[in-house]
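Engineer: So you can see what is in the structure, the chains are spelled out below.
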Amino acid sequence: MFTPDNIYYPRYYVTKKLSPKAPSLIYVSHPHFVADNFALFRPVLRGIVARRCLQRERRADAPTNRKTGKALSRAGEGRGGLALPRPGSARARDGGWGTRTMDLAHIRNFSIIAHIDHGKTTLSDQLLLRTGTVATRNMEAQHLDSMDLERERGITIKAHPVTMTYRAGNGEDYELNLIDTPGHVDFSYEVSRSLSACEGALLIVDAAQGVEAQTVANVHLAMKQNLTIIPVINKIDLPHANVPLTRQQLEDILAIPADSAIEASAKEGIGIESILEAIVARIPPPKPTGAISLQALCFDSYFDTYKGVVTHVRIFNGELRRGMQVKLLNSGKNYEVKEVGSFNPKPYERPQLEVGETGYVTANIKSPKDVRMGDTFTDARVPSPPLPGYQEIHPMVFSGIYPINTADYEHLKASMAKLQLNDSAFVYQPESSVALGFGFHCGFLGLLHLEIVQERLRREYNLDIIATYPSVIYRVRMSDSLVKEIDNPAFLPDPAFVAEIMEPTVQAFIICPNEYIGDMMALVSEKRGLLDHTETVDTKRVMLTCRLPLNEILIDFHDRIKSLTRGYGSMDYEHGGYQVSDMVKLDILVNGEPVDAFSCIVHRSKAESRGRALAAKLKEVIPRQQFAVAIQAAIGGKVVARETVSAFRKDVTAKCYGGDISRKRKLLEKQKEGKKRMKSIGSVNIPQQAFIEVLKA
Amino acid sequence: MMVPARSLRPNAPKPPSAPIGHLYIHVPFCARKCHYCAFYSETANASLIDQYVTALIRELELVAPDLRPRTVYFGGGTPSLLNLRQWERILDAMGRLDLLGADEWTVETNPATVSLDKAKLLESHGVNRISMGVQSLDQPLLERLGRIHTRDMVFRSFDTLRRAGFDNLNLDLMFAIPGQTMPVWRATLREAIALGSEHLSSYEVIYEEDTPLFQQLKASRLDVDDDLACDMFEELAAQAAAHGYRQYEVANFAKHLGPQPLGEVPDRACRHNVNYWRGGSFYGLGPSATSYVRGVRTKNWSSTHLYCQLLAKGQRAFESTETLSPMSRAGETAAFGLRMNAGWPFDEFLRVTGFDLRVEWRNDMAELERQGLAKLRPDRFQLTDRGLRFADLAAERFLRPFMGSRSRF
Ligand SMILES: Nc1nc2c(ncn2[C@@H]2O[C@H](COP(=O)(O)OP(=O)(O)O)[C@@H](O)[C@H]2O)c(=O)[nH]1
Ligand code: SF4
Ligand SMILES: [Mg+2]
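If you read the protein sequences in the order shown, they are chains A and Z. Following the working numbering, the numbering of the first sequence begins with 1 at its first residue and continues without gaps. Following the working numbering, the numbering of the second sequence begins with 698 at its first residue and continues without gaps.
Note that these hints are calculated values from the structure, not bench results. It cannot be assumed that every hint is accurate.
As the list claims (entries may be wrong) - In silico SDA-like pairs for lysine to any residue, Cα to Cα no more than 20 angstroms straight-line:
1) A:LYS664 x Z:THR995
2) A:LYS287 x A:GLN225
3) A:LYS619 x Z:ASP923
4) Z:LYS952 x Z:ALA934
5) A:LYS650 x Z:ASP922
6) A:LYS540 x A:GLU515
7) Z:LYS817 x Z:PHE852
8) A:LYS676 x Z:MET1100
9) A:LYS675 x Z:ASP922
10) A:LYS655 x Z:GLU905
11) Z:LYS730 x Z:LEU914
12) A:LYS650 x Z:ASP924
13) A:LYS327 x A:GLY308
Next comes chain Z alone, as it looks inside the complex:
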């Protein structure tokens, strides 16, 4: 720990470098666009999906040599929109490329597109975690959000998934939805928790630019009530805690079910996401996906056509790349890791970034502690419960001026 941090040459490739252990795959198709959604996805069309699958397999082939996935995450879009045939092609390719066997393998699903066949197929190939986009259990709100599923579908799909053998399920819930009152939120929470998923992701509605919801907000047709949003979060935290969920990140709650004592995170936490917050490397494949590999961030084109064209030629589909200086990268890593309740263990931070938090961020940590937003412990720095509600404020402090390069392809 007394090593002068800067002399470590942080993140210099350590030959021979270990393969990357985390894989994200973006499936850019949805049955219909939700009103709040800013993810890259387009309306499904069977032949485009086939082309996409071909291109994705091509992309998998390109990165496979550098990949030994411990976590895999299929997100979207709506991965569950792929039909059995398409899934089989992807799973076969993964088998062929020796990408199966991850410890944690999550697939996102929309309650309207879950079928027992598909669920069983996935399960049989090693998918062991399903994340279901529920958002609300109030039918009028679901419609307001432009979701394609009904509240009944949520309950049915949940059963289907359980029957297919999944014992690690996440439900996504949204609060502070325009028109959502506290009683409505409480009812959704109660019913969702009653389902007994192992994991809850729950976040306040975000008004993303270029979404119909944002337009409505701008046209002042919506009221943003920060106090109500805070109350709703507090309700969530209280209900989750009362039912055995432990918060391990700003918006994530998980049960701890195993025999081992509780570590940094509960055992049903999403390891894949933890890797993001802790500044780990990962490959992101598919249109619009981001990779972060040994300090270099690349982003694929947000166009399925372009993506398919480039991969057909055997090229990666990079839209841009960004390489931060070690210090800016460390600042970013520090900032985002603080979103986790466990905060940053000093030794791990040093290992990941090559910098010592207690040297470079000493004043920032002291100031946040003074404001009652954080706790400086012997082995780590972490935000308090209140601090987590001000995680952006803390993150800003930890960022260091941008140094590095960005370019577009």
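Isolated chain A, as found in the complex:
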């Protein structure tokens, strides 16, 4: 069984601003990002603790809060926290969770999707509470009270599906499986996988904020999966809530019938019952696929030191039992099932998972890489075909990560390996740079993912690192029409042999107040984007749908939107296809020699200004030498910008007498050491710090 403290609390999407420099980035604790070191989450948790403590007081006398008592917290009770079966319920008839609990008609699988802060976490709490799945007070008391700083380090935060039992208005009991999803397009593949384990989704919209860009992107994903969407207009308790307007937006922007929306206040516990009824009434029950044996979709996984990979599955067909021989269809590997179970919200073991249900499975799988999300488990002896929709996860954004202190290389390597255990979408391979020394070329799902990985390396692993400019995968069609994928500017083939270069694009949704349309359009065109169409969201806001090159939104697109719109704009995107673009390689040369860390692939129209800016920044940080140093920016060998660091004319301590000698000698020794660590490019000695300064700027 899971030990009580390796699970902190179910499916919390921990949200947090990463750094003041990246105000647009939100930390999402996705199952792939389990914190095995707690440091990163400490501030986040404090927020949760504070928030939940408040909630606790309120909930203490909530009418639906069943007092399941202290028993739930006793170690060794796999079912701790579970509401006792009610007499006459389906479960009671079957004698509890051990055996078949529900017929298919009484199972509902659903997710919650929302723009950040619209209330997903709060509503999830309410659902758990209202279904008696968790007696919040006791649950929290146990976990939160014991959370002194030292103990925190061992705790794991984990998001996972939760199984709830709900007695509907018709008197029947239903098994509701809430399958959590990460909330960011970077993880859209995982979101899709999670959604594909469901038949429906709750769409939460903040009544005071209205539809936001992330709402749009999420709804698109859900619609692609043909899910039943139940719109919930949340926070109706707020004085500036505007329910009619929000209804109108749902209809206008998302083509969701306005009258289908349920009004709720997750905070006040209003509308929860209606939501639960709608889940039962509107979301279709799962249907077996009709295949001859087991088909279980892997939609999530995490790594547990003792059990290996714990995979979250949804059973589409057949059943999954302990001891069964199973095959992962995509990898072709066979395993023996060690344990299956569900979450309530704590994990508890069950003898089997049956068709329509969700839960977890362990099978002594050593590496998370062996279980790709979207893969299908089937019966090894009588295999069924794979479930549709499996795709390899491909990193979309690349960047070099280097230790600032070269001595940290091994530490960085070990940390990356550890990180990858719970984030199989993160890939890396060693590379070395003249300017930055030994490091890794890393691939990420997107910018947020990149930022999370960097932040985790810094905070959890205490590493001082520097990342090179992010890059994307270009497709290069060679003269002989062979197509190469290039994710590292160093490997861009000689233009003489290149027929055309294609770059990845995104479809972006920008929602902003009307008065900023002009600014947004200017920004989009500055970023080489094309406006597809604009729609009015309501009388005050518009939504711009546009196509943009991915590489243009990597650096500061979101921040610019936020600052141009004074924080009122929001943006999200989906990956689009490739388009042919006039891309060139920009090199920065120091005394004629390229500085690899600054080579990049850019659009021709941007190359010169980028080159100029880089050269100017380098000029500021390259120390003067005894000779003049030329810094040039070159496009395909042609110099487009030049700066000169003039020769220094002296290097001498003005004044030095008897008492100063020892101190002065130590200074010189230090300087000498520093010079040994300098990189020599074009016989110019440049401290690594100089490159770092430029990359940081």
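Starting from the known structure of chain A, arrange chain Z with the ligands on it as the hints suggest.
Structural biologist: Frame of chain A, contents of chain Z with the ligands only:
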């Protein structure tokens, strides 16, 4: 010269060892702290100075047996801040301990604290060189630097010193002071040179940590213009040369007035300082002072109170000691000697350190010569004029990895 250098057992005490010939005395008091100053000194207070004098005399007594000073240097702080009475006590003690009669005896003075009485007293006891901290002759700059004296005081004090009979005077000047323009520097230079001192020490402003000037620099309120600083140095070198001063060290210029032909250094060079650059031994007394005696470097506590307390108990006031391995010490000696225009005569270097420059530093010398920073002559190695502007670069090359011990008391 063909002796394998390492077999010489460099600096092994040669019994019976000759007494040390150089004495530095630190007087840690100033009327007010200058904005750029990182020396250890505190605001004067008559009774503390008296205690200091007592302790200093005690310290002199402790080292006197090993001392036969050929040069003496009273630096600070502001030695001229001591009153007549205090000076008399020190001079009497030196007489009693047989420490008088140095060939060169310098006392630093602040132009605001020079009096004819004091000057005569010093002169009569054998002080024969006065170094005056002028820094600038531009009144606004003096204020900017936090100096306590005015430009007029410089001219008056200079006259006073001459009247007291001093014929070996040094002026300290600073350039590249924030706000100093080339015309201002030229005017200061012209007027200083017109005074006709025998010696000029002139150096670029140094931003020492923990000084108000450094804080201003860090707060980016000051501009550092390296090119202007270089131009100012060139102006200094040209003006000094045109008026008969010969550069003998990065920041030091002196006249050669005697009948003897010019040797390694002009005859009005400061011998006391030459001893530092050439790696010679010396005793340094007073709070914060450093001694370097037969290869062992010790530093006194930078606290007048502590210094007085320890000496009252008859103990030396060591804060730390450092002993370098012979090779590291030789590297250091090589590095700092290169600050002198005369560079290092090979035989003298061998005598001082026990190592042969041409063996251990052969590649470094060749590389510096290749860069046009130095000249390798038959008898010596010396930096060129350009090389002197890169003396730290050269010094770095000559240093050898630290080996030895450091400890604090
Ligand atoms: N007034 C009000 N605040 C709410 C309601 N639901 C959530 N919130 C608050 O909105 C903020 C974000 O909620 P959270 O559940 O974390 O949003 P998430 O980012 O979608 O998970 C929190 O401060 C909640 O307390 C509601 O119904 N009314
Ligand atoms: S007078 Fe000299 S020692 Fe005293 S504070 Fe000024 S510069 Fe420093
Ligand atoms: Mg949340």
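Engineer: Determine for every hint whether it applies to the structure shown.
Structural biologist: Hint-by-hint comparison with the structure:
For the suggested pair A:LYS664 and Z:THR995, the alpha carbons sit about 15 angstroms apart, so the restraint of at most 20 angstroms is met. Straight-line distance between C-alpha atoms of A:LYS287 and A:GLN225 comes to about 15 angstroms, which keeps the hinted pair within the 20 angstroms bound. With a C-alpha separation of about 16 angstroms, the suggested pair A:LYS619 and Z:ASP923 falls inside the 20 angstroms cut-off, and the hint holds. The hinted pair formed by Z:LYS952 and Z:ALA934 meets the criterion: a straight-line CA distance of about 13 angstroms does not exceed 20 angstroms.
Simply put, A:LYS650 and Z:ASP922 have alpha-carbon atoms about 12 angstroms apart, close enough for the 20 angstroms limit, and the pair holds. About 8 angstroms separates the Cα atoms of A:LYS540 and A:GLU515, which keeps this hinted pair within 20 angstroms; it holds. Restraint check: the Cα-Cα separation between Z:LYS817 and Z:PHE852 comes to about 18 angstroms, which is no more than 20 angstroms; the hinted pair holds. For the hint linking A:LYS676 to Z:MET1100, the alpha-carbon distance of about 19 angstroms falls within 20 angstroms, and the restraint holds.
Proximity of A:LYS675 to Z:ASP922 is assessed by CA-CA distance (about 23 angstroms); at most 20 angstroms being required, the pair is judged violated. With a C-alpha separation of about 12 angstroms, the suggested pairing of A:LYS655 with Z:GLU905 holds against the 20 angstroms cut-off. Straight-line distance between C-alpha atoms of Z:LYS730 and Z:LEU914 comes to about 18 angstroms, which keeps the hinted pair within the 20 angstroms bound. Between A:LYS650 and Z:ASP924, the direct Cα distance comes to roughly 9 angstroms. Compliance with the 20 angstroms bound is thereby established for this hinted pair.
Note on A:LYS327 and A:GLY308: the hinted pairing holds, with a Cα-Cα distance of about 17 angstroms set against a maximum of 20 angstroms.
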